[in-house]
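Residue numbers (our numbering), protein chains in the order written: chain W, 1 to 230; chain H, 1 to 545; chain C, 1 to 100.
Derived from the structure by calculation, the hints contain no laboratory data.
Even glycine gets a Cβ: it sits at the ideal position worked out from N, Cα and C.
Keep in mind that the hints are not guaranteed to be accurate.
[Unchecked claim] Per label pair, the in silico range of CB-to-CB distance:
1) 190/H <-> 54/C: 49 to 55 Å
2) 484/H <-> 81/C: 47 to 53 Å
3) 33/C <-> 147/W: 27 to 33 Å
4) 13/C <-> 17/H: 23 to 29 Å
5) 60/W <-> 63/C: 40 to 46 Å
[Claimed, not checked] Listed next, the stretches of chain W that the computed footprint assigns to chain H, with coverage defined by at least 3 CB atoms under 8 Å from CB atoms of chain H:
6) 19-30
7) 51-59
8) 159-173
Listed below are the residues making up each chain.
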Amino acid sequence: MEPATATAESSAAPILLSQFDDLDQQQQASNLGMWMFLATEVMFFGGLIVAYVVYRALSPREFALASRHLDMWLGFVNTIVLLSSSLAMALAVRSAQLHRSRQVLNYLLITMALGTCFLGIKAVEYYHEYEEKLIPALNFQLPAEAVESHFAQPGHFEMFFVLYFFMTGLHAFHLIIGITLVGVIALLSRRKWLSGGGETQIEVTGLYWHFVDIVWVFLYPLLYLIDVKS
Amino acid sequence: MSTMAEEQVDYLHTYTLRSWLLTTDHKRVALLYMASITLFFFVGGAAATIMRLELMTPKGDVLESPDAYNRLFTIHGVIMIFFFLIPSIPAVLGNFLTPLMIGARDLAFPKLNLLSWYIYMTGGLLALWILIFGGIDTGWTFYTPFSTMFSNTMVVTAAVAVFITGFSSILTGLNFLVTVHTMRAPGMTWFRLPLFVWSHYATSLIMVLGTPVLAIALALIALERFFKVGIFDPKLGGDPILFQHLFWFYSHPAVYIMLLPGMAVVSEIIPCFSRRPIFGYHFIAFASIAIAVLGFLVWGHHMFVSGQSMYAGMVFSILSFLVAIPSAIKVFNWTTTMYKGSIQLDTPMLYALGFIGLFTIGGLTGLMLASVAIDVHVHDTYFVVAHFHYIMVGGAVMAYLGGIHFWWPKMTGRMYPELWGKLSALVVFVGFNLTFFPQFVLGYLGMPRRYYEYSPEYQVLNVMSTAGASILAVGYLLPLVYLLFSLWQPPDAGPNPWKATGLEWQTDSPPPVHNFEGTPVVIRDPYAYSAEEQENEHGTGDRDR
Amino acid sequence: MSDHIVSVRTNVVLFVLLLLLLLATVGAAFLPLAAWHLPVALGFAAVKAILIGLFFMHVYYRHKLTWVVSLASLLWLGILIVLTLGDYLARDWLPNIPGK
């Protein structure tokens, strides 16, 4: 999966690495390798999901109340942003398969822009949470209605936010890596450094991107939509 | 593709630092790993030595405080498990042999392979840093809330070190899985693969699916300690036992990461030194997968007395009984392979036989521990310590040594001195049993683990154990010496000194850079040991087995 | 094994489908579903994830091994969740243990 030396023609034949017998095997191996890596990512996020599942099962009321302090509409917009970025990424992969390098670059840039937009909206949300004093370890203060609800264990309310920041933080971290990766691939593609027009490389990057999208698709309802009506 | 001239040169032919540190040749990466894990083995062993010296007497007199003892057993566990056992056979023998055994020129991702060694070294150096600058005292298990709220040692650094090293494991496993799926030589169907490859495939499944959960568990500890707000803090409704669930979800399958490769080696050695095909090839292959899968379903047996629900305990107990079955199947099949065979008691075979016996004892005591009623009494005693050392040392380490001896001529082109090999195997076997058998008794009598002082009635057995440890140490030092010395010989072992079957023996010793001259084509089943097959030796290139 | 090239139309249709499912997810959150909120929300999320996996990630077009890897990872996550949650849910099932 390494870049070829610069060629003028973006549809130059892909380089066959010496350990592989043919291009098919190489492409299959690259693809399978990324899927295996995504399997490890599923298990990595899985640890946090288990913590969430267990604690929500143990403290449903506290979690429901805490969830209402998140801005579900910002989350909604963010979900649309990320889904759109997946569309752009899928179209980038398609353009790479058709060896249309200009289109590839455009779609990759759109993907990056939408990903960055997501991070921006997330930052706004985090700022709101900061202002409302909902950041554990930093300035957490039990909101008025939580105090009034007389929860047996008010700390459980804070636990929601611990999980919220860990889970969305980890997701954002993966998204930053994704944006960087897409940026690097876009740069290499523009310089015509990717062997074979970058078909396999971009497909594999796309797999990572879609995975990050899927994680958010689960995080949104789990964190924002627990109990939207009071 | 490389030229004929390049392929005729063996992979050891350059000695520059650059050619070693920037290699992407799986064989060289294997040797890099071999050097590193040997270093860590002796560091972990040094910790054990001091512990055993302390335990010769009931009072604490060798060490200045119980705290120092806590740091010793912690670093012993962390180093032995994460920096020796987990990488050992897969990263050394697995890396070296997998492409050879399937007829490939290298693994699927050679650069990731090298990266995994660098990642491992980073984690390892961080672990050594911890060792020198203060240590950790939480036990290798990092249980909360002690690790997150009360320990005053370098817990975050240790969590980071193991976290980093976990990626090395993941990359190795990922590499093996993709390689076996996509790069087998023509004719190498799944059921013609050597059982070594099947076992490493199963190991790789565990590495890929289990390690990330350890990573998140450690990350959560580090974050909880760093930010002083925690997922495992009861004040926030957290549960310290949740950490144990996440930790053991990996760490139980991890013991199969440490065991399956040992079984892989034994599956290769037994047929060769019995001159008979393996009995029940399909059973052993499927048993490897079964161990990997079932191994993920039993982690709660480490938590019977932790506060886990009793129903969960019962479920985990039953599943733990089930996971013993595939291991037993393997033991029966190895034994049956030897029946009416022409047994040759060379060094690798001595280690393999030792494995079978000692692993059986360790495994049976595992069944005892899987019974909740017994575990309640022996949990956190030396019974458990003896159990896992029988499997890890009597099993995995002996298999590792057996494998190193078996494939030494292939890796280096030199033969080790057979008499010294046999002697060391015997010394290891005697030393091992003297060290660890008394610990079963100690545990049953009630001596707790991780204590540096004990009740005086336990002293005799402790002295026996320490005496055994000193013999065991000699048994481990001997191969270090004679294997290194063997490198001064000329590389004249020949391609197949053991007259073994397997693609790796059909190429030169040491192998050429790209493993084979041309692509091998496989037309025969593995382990075709019989009278006429012994004529089929030195094949290279497009030879059938 | 060379990739099936997914048409622009398929990609866009899929995207629209995902948006509709998102609207449905949010809409369902406002319905009086009581305890069913969680399964419904997870159900919608699962459908979205499956669609993204099958079509954006090309699992539909690749050979079975990719299916197996993606399913296996979900299965393993399931093992982690089910057995761990099982512990917590079963903690109070034996209230009359002598000595407790």
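Consistency of the hints with the structure:
1. Separation of residue 190/H from residue 54/C is about 27 Å and departs from the stated range, judged on CB atoms against 49 to 55 Å.
2. A hinted range of 47 to 53 Å for the beta carbons of residue 484/H and residue 81/C is consistent with their spacing of about 49 Å.
3. Roughly 28 Å separates the CB atoms of residue 33/C and residue 147/W, a value that falls within the hinted 27 to 33 Å.
4. For the hinted restraint 23 to 29 Å between residue 13/C and residue 17/H, the CB-CB distance of approximately 57 Å leaves it violated.
5. Evaluation of the 40 to 46 Å hint for residue 60/W and residue 63/C yields a pass: the beta carbon distance comes to about 43 Å.
6. Under the rule that three or more residues need a Cβ within less than 8 Å of chain H, the assignment of the segment 19-30 of chain W holds, with 6 such residues.
7. Counting residues of the segment 51-59 of chain W whose beta carbon lies closer than 8 Å to any beta carbon of chain H gives 5, which reaches the threshold of three, so the coverage claim holds.
8. Only residues whose C-beta sits within less than 8 Å of a C-beta in chain H count toward coverage, and the segment 159-173 of chain W has 4 of them, enough to reach three; the restraint holds.
Checked against the numbered hints above, the structure violates hints 1 and 4; every other hint is satisfied.
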